[in-house]
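What follows is the residue order along each chain.
There are 4 protein chains.
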Amino acid sequence: MAGNTIGQLFRVTTFGESHGLALGCIIDGCPPGLALTEADMQHDLDRRRPGTSKYTTQRREPDEVKILSGVFEGQTTGTSIGLLIENTDQRSKDYSNIKDTFRPGHADYTYHQKYGVRDYRGGGRSSARETAMRVAAGAVAKKYLKQVHGIEIQAYLSQMGDVKIDQVDWSQIEQNAFFCPDASKVDALDELIRKLKKEGDSIGAKLTVVARHVPVGLGEPVFDRLDADIAHSLMSINAVKGVEIGDGFDVVQQRGSEHRDEMTPEGFKTNHAGGVLGGISSGQDIVAHLALKPTSSITVPGESINRQGETVEVVTKGRHDPCVGIRAVPIAEAMLAITLMDHLLRHRGQNSGVATETPKI
Amino acid sequence: MAGNTIGQLFRVTTFGESHGLALGCIIDGCPPGLALTEADMQHDLDRRRPGTSKYTTQRREPDEVKILSGVFEGQTTGTSIGLLIENTDQRSKDYSNIKDTFRPGHADYTYHQKYGVRDYRGGGRSSARETAMRVAAGAVAKKYLKQVHGIEIQAYLSQMGDVKIDQVDWSQIEQNAFFCPDASKVDALDELIRKLKKEGDSIGAKLTVVARHVPVGLGEPVFDRLDADIAHSLMSINAVKGVEIGDGFDVVQQRGSEHRDEMTPEGFKTNHAGGVLGGISSGQDIVAHLALKPTSSITVPGESINRQGETVEVVTKGRHDPCVGIRAVPIAEAMLAITLMDHLLRHRGQNSGVATETPKI
Amino acid sequence: MAGNTIGQLFRVTTFGESHGLALGCIIDGCPPGLALTEADMQHDLDRRRPGTSKYTTQRREPDEVKILSGVFEGQTTGTSIGLLIENTDQRSKDYSNIKDTFRPGHADYTYHQKYGVRDYRGGGRSSARETAMRVAAGAVAKKYLKQVHGIEIQAYLSQMGDVKIDQVDWSQIEQNAFFCPDASKVDALDELIRKLKKEGDSIGAKLTVVARHVPVGLGEPVFDRLDADIAHSLMSINAVKGVEIGDGFDVVQQRGSEHRDEMTPEGFKTNHAGGVLGGISSGQDIVAHLALKPTSSITVPGESINRQGETVEVVTKGRHDPCVGIRAVPIAEAMLAITLMDHLLRHRGQNSGVATETPKI
Amino acid sequence: MAGNTIGQLFRVTTFGESHGLALGCIIDGCPPGLALTEADMQHDLDRRRPGTSKYTTQRREPDEVKILSGVFEGQTTGTSIGLLIENTDQRSKDYSNIKDTFRPGHADYTYHQKYGVRDYRGGGRSSARETAMRVAAGAVAKKYLKQVHGIEIQAYLSQMGDVKIDQVDWSQIEQNAFFCPDASKVDALDELIRKLKKEGDSIGAKLTVVARHVPVGLGEPVFDRLDADIAHSLMSINAVKGVEIGDGFDVVQQRGSEHRDEMTPEGFKTNHAGGVLGGISSGQDIVAHLALKPTSSITVPGESINRQGETVEVVTKGRHDPCVGIRAVPIAEAMLAITLMDHLLRHRGQNSGVATETPKI
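As they're listed, the protein sequences go chains P, L, D and W.
Going letter by letter, the first sequence gives residues 1 to 361 in UniProt numbering.
Going letter by letter, the second sequence gives residues 1 to 361 in UniProt numbering.
Going letter by letter, the third sequence gives residues 1 to 361 in UniProt numbering.
Going letter by letter, the fourth sequence gives residues 1 to 361 in UniProt numbering.
It should be emphasised that the hints constitute simulated quantities derived from the structure, not laboratory data.
Glycine residues also receive a C-beta, built at the ideal position from the N, C-alpha and C atoms.
Careful: at least some of the hints might be erroneous.
As the list claims (entries may be wrong) - Just so you have them, the derived chain W footprint on chain D, three or more residues with Cβ under 8 Å:
{"#": "1", "region": "62-73"}
{"#": "2", "region": "113-125"}
{"#": "3", "region": "200-207"}
{"#": "4", "region": "223-237"}
{"#": "5", "region": "301-312"}
Let the hints inform the model, and build the full structure from the sequences given.
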């Protein structure tokens with residue numbers, strides 16, 4: 001059933017296959033009056049784009065987004081915003097050999113079983129190429145959140161393989177091709193990627209995404225908690241296998257006396273909760289972590305079956321990232337932005353001037 | 001905004017405060033013809049219920065659920081099912097002292113800031129008592145999934161504090177008060193809980209929930225992926241701070257050649273993916289893990305503020321679990337069941353007899 | 001699939017069969033801080049209630065609504081509001097004869113075919129009794145709209161059979177059992193009803209429902225236009241077969257020069273549009289008309305079939321209204337209120353302080 | 001808020017302004033395996049297209065639709081279908097004079113008040129041009145319904161001004177530019193249009209839309225009744241002011257003994273209900289009527305105000321239909337098809353093999 005939409009009031013719907021004619025997106029519910037041009041989205045699209053560094057796939061797509069509607073004389077009109085990115089680099093021939101083969105770790109088998117028919121070119125709809133439209137839509141949300149509420153969203157690589165990044169210098173993130181906030185770790189990352197390329201293998205990654213200056217009050221208990229919706233939106237990114245809010249799985253070994261964030265007249269003393277209490281933003285930084293699996297598109301031969309159920313050996317040639325986590329940094333930002341934007345509008349809708357003590361958002 | 005509903009076709013909407021008159025639930029979209037009585041829900045409600053063992057809170061609620069509609073002559077009719085549990089044990093006096101205080105680690109502060117008004121008795125809507133209705137609705141989903149498709153869902157405690165449970169003997173889970181699948185760890189868990197009670201402190205927990213015999217094909221890419229919706233439903237449970245599918249955060253250190261689950265004519269060789277590929281169930285066991293924070297309702301004094309912004313010392317007396325993770329076992333099962341049920345109906349809706357190769361679910 | 005919910009941000013979900021244990025409703029999304037007691041709903045419930053006048057069915061249900069959650073210390077808290085009405089007058093024996101018969105003009109046949117199982121007692125879920133919960137939820141919306149925005153919603157009988165009511169004296173509507181705004185037509189209505197009772201027959205009706213002081217700007221083009229959503233909510237009332245906005249079907253014979261409502265600095269000169277332009281409220285009165293079919297529960301014998309497909313003669317005894325249109329007056333008000341409330345919250349969510357010229361709602 | 005989507009499982013989301021770069025649409029939830037090419041949509045687009053006859057506006061748009069995704073090797077894949085129509089005939093200069101004027105009967109005023117900013121070129125998003133995408137999406141639904149279930153949907157003009165069309169010869173509908181099913185009325189219609197053109201005025205119309213071979217069982221009570229959703233989808237069409245199901249407003253004067261459709265072993269004897277009982281399709285023809293207002297784009301001068309609130313005289317030049325009802329015939333078919341398609345999938349989702357008596361759809 002219809003699963004290509006995310007959000008309730010700020011609603012993003014996408015289409016597009018890896019090797020189809022184009023990718024597209026409709027943003028429905030963007031408030032009117034926001035200054036918006038293609039350039040506002042292009043920066044993040046370029047950050048996500050393959051071929052921008054030697055560490056990522058060499059497939060080159062300019063990923064130029066066009067605004068087709070919803071913007072008039074430079075500002076949003078409140079009507080639905082149509083976005084389009086044409087696919088210009090479609091090397092379909094690269095993929096013809098996997099037409100009847102289910103690559104291990106890919107969605108080939110499940111798409112085939114679910115739909116009975118499958119666009120096998122480059123993974124079709126299951127390709128990470130789909131995320132370009134998330135980044136475009138997320139850029140609109142990011143701009144609104146920043147401009148109207150001062151909310152800032154930023155993600156970074158916090159681990160790749162066994163290289164853990166513990167020091168966070170925000171100014172470093174955009175200074176290297178890994179979105180690594182610790183300059184001293186860049187060499188180790190570089191070395192790891194080189195090694196993997198040589199071996200034809202890939203590696204997982206952990207990202208952290210943070211939103212600052214989020215007002216208190218966002219989130220709709222009990223099912224549409226802010227953290228539950230963040231988990232949904234981050235887990236919907238290709239290759240993500242885990243999501244944490246705040247201390248995440250570390251809480252398993254924590255005591256209540258250690259975990260609870262005490263409050264003082266000056267504010268919270270700690271942020272173990274990651275900015276969400278009872279499903280509602282607390283005004284602290286929203287902090288989430290996500291784990292991305294190593295891509296299965298590798299040249300190390302793997303065992304699998306074809307449509308006839310016969311054993312085949314699979315080697316995925318083509319242009320692929322040894323670590324898809326790197327390019328997921330702007331995607332994680334986009335998904336968090338879309339979720340926060342949606343909750344901002346939802347909160348605003350329900351909370352009127354009736355209750356006198358409510359701080360206005 | 002409206003956040004008390006989960007699911008699209010199998011839709012569960014709940015109401016109820018910890019110390020209000022009653023908890024209630026509407027299940028909309030349950031297929032007709034399913035044999036259903038209160039007894040089908042009571043078993044899981046009893047598993048979740050406080051006061052059932054010495055390890056959980058001594059608050060005693062019979063938690064007797066009544067079916068008010070949607071069932072006729074013992075079977076579901078396809079119309080909405082109304083469920084009700086009356087609150088019989090409302091000791092409001094226990095909570096009057098926190099009327100103007102924001103307990104650290106609780107939702108008091110965020111509810112107050114969001115709504116400007118708050119039912120402070122026992123946490124009101126933010127109380128874990130709300131989850132009783134999830135369990136009741138989940139039991140309906142579990143029965144349908146089992147009866148019509150043979151799907152079985154079971155959860156267990158996989159870690160509490162530093163006590164890790166590595167051996168899984170499914171027959172042990174219901175044999176002890178911890179839902180622990182390893183009989184040899186029960187003493188260590190017992191000792192830990194006793195220690196915490198003496199110290200007036202609490203501890204976090206990790207649960208694992210597994211669904212067996214799930215057909216291949218459930219999940220709606222790209223946003224309503226099965227794993228994304230599972231992440232949403234599990235993260236919506238009180239106190240959950242992290243969700244993993246399959247290997248979860250372990251993938252950060254895995255190689256692609258290690259993670260990808262190879263296939264043979266007899267099936268998958270491993271299940272690192274946790275039963276989901278490209279957002280669609282693969283036919284393997286669905287495996288998810290969740291981390292629950294230690295409850296903040298402890299007697300160790302904590303620092304906080306009141307509505308006037310003044311510093312106060314908080315000691316949460318009353319009847320509380322040292323480890324809320326224990327009681328979350330049936331809740332995790334219920335949420336996974338609701339999500340699978342919803343996706344089963346969604347898949348069935350879209351996938352017709354047009355594509356001839358599609359296996360029928 | 002799940003069809004028992006209406007609204008996006010002000011979301012009403014109901015359950016309950018005619019002769020089940022109870023009717024219930026969850027209102028999700030009601031803003032916090034609204035003073036609310038059972039009495040606020042009881043007035044409209046009494047207006048809808050059967051047995052209140054000699055013109056309607058003699059079935060007597062006190063229809064006492066209970067608030068089970070979402071209200072604390074007399075005001076709404078922003079959490080979901082649970083409502084319950086217990087069924088006290090369940091004469092199931094009256095209906096046992098129709099267990100295997102499909103009454104003509106009723107939903108017996110379609111429910112049976114759709115679900116394969118059916119609560120035949122009094123029509124089960126398809127009974128007009130279900131509308132009691134709409135009235136209760138509508139009363140909450142009416143109160144909010146009135147108190148916060150001064151919006152007033154009122155319906156009246158505009159035609160029954162061939163008795164047309166052209167004069168509208170708002171003060172007369174509640175002065176007679178027909179909700180007739182023209183006192184001079186009450187005798188004719190009374191005579192018609194007496195005649196129908198004697199003949200064991202029934203008659204259709206036309207209602208008009210008006211909302212005053214609606215702010216300009218409500219409605220979300222292009223599909224969720226305000227008028228489209230009003231059409232949906234009014235057509236969802238039992239027995240409704242037609243809905244008009246403003247001049248409705250009269251527009252077929254109108255010229256553009258006649259229909260368009262010209263504007264002056266003082267406002268619109270006419271209101272042919274019924275208060276909606278391009279799917280958005282214009283600030284004029286919202287005016288809608290609805291046609292209700294004559295009830296099929298009559299004692300004039302009718303031809304039909306039973307479950308075995310054999311011809312049977314049907315005479316519907318029991319306590320029934322000769323004109324269901326009368327009791328639909330508060331239901332029409334409730335449905336318009338729910339729809340306006342939902343659109344008010346939706347508009348408020350999307351429209352921020354970005355566009356400087358936007359009048360604030 | 002987000003209002004540019006219709007449907008739950010077969011979900012259509014659109015974008016595009018009258019004079020923007022393009023119109024677009026995403027169809028989400030189309031079952032896989034349906035043969036689909038642009039030609040399947042082009043026929044209905046051509047029927048809707050302006051400039052096809054001397055009776056409609058002379059604006060010429062080729063309205064060539066492109067499939068951008070969701071179709072592979074000639075059949076749908078189950079993923080979201082992206083559609084695009086580029087705007088090639090954008091005479092923006094025609095509309096610059098209405099930049100600051102609110103045309104009476106148009107959405108200029110309400111869009112301006114709602115959003116504070118407005119694409120004034122040709123009505124922007126409120127232009128009937130938006131409906132091209134509905135027709136494209138509807139053609140997909142029509143093809144599926146026809147092919148898989150034999151359902152046929154057809155609309156015709158049943159009245160224009162005082163010219164009533166009572167005889168329905170289905171074979172005539174496509175034989176004249178009015179979609180008139182009675183050849184003997186074509187001259188009268190022709191004369192009326194000529195007269196209006198001369199006078200610079202316009203006229204309303206009534207359409208009838210019929211679906212044949214609809215299976216019994218579609219529709220989800222109580223709010224998402226099939227008739228309620230049809231009312232929603234038809235009322236969402238530009239200029240529609242009234243919707244009737246079956247006998248519609250005629251029921252006001254009918255007796256119950258006359259209205260109820262009696263049943264025999266051979267089927268229903270009449271179809272006053274228009275194919276829907278209790279909100280569920282009965283297996284009879286679905287019959288709906290809709291009233292379309294006369295367009296306000298006329299050259300008869302009208303009084304209005306500008307943004308400064310000053311009185312202005314408005315004459316709408318440009319290329320406009322004297323009767324927008326004519327072109328709405330394929331749009332009405334499309335909207336009915338989309339609604340039936342959605343309900344078909346919804347029904348299929350919920351109704352499993354549990355209840356043994358349920359006929360399978």
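Hints and how they fare:
1. 62-73: As far as the region 62-73 of chain D goes, the hint is violated, because 0 residues have Cβ atoms under 8 Å from chain W.
2. 113-125: Held - the region 113-125 of chain D has 6 residues with a Cβ nearer than 8 Å to chain W, which meets the minimum of three.
3. 200-207: holds (count 6)
4. 223-237: Per the Cβ count (13), the hint holds.
5. 301-312: Since 7 is at least three, the answer is holds.
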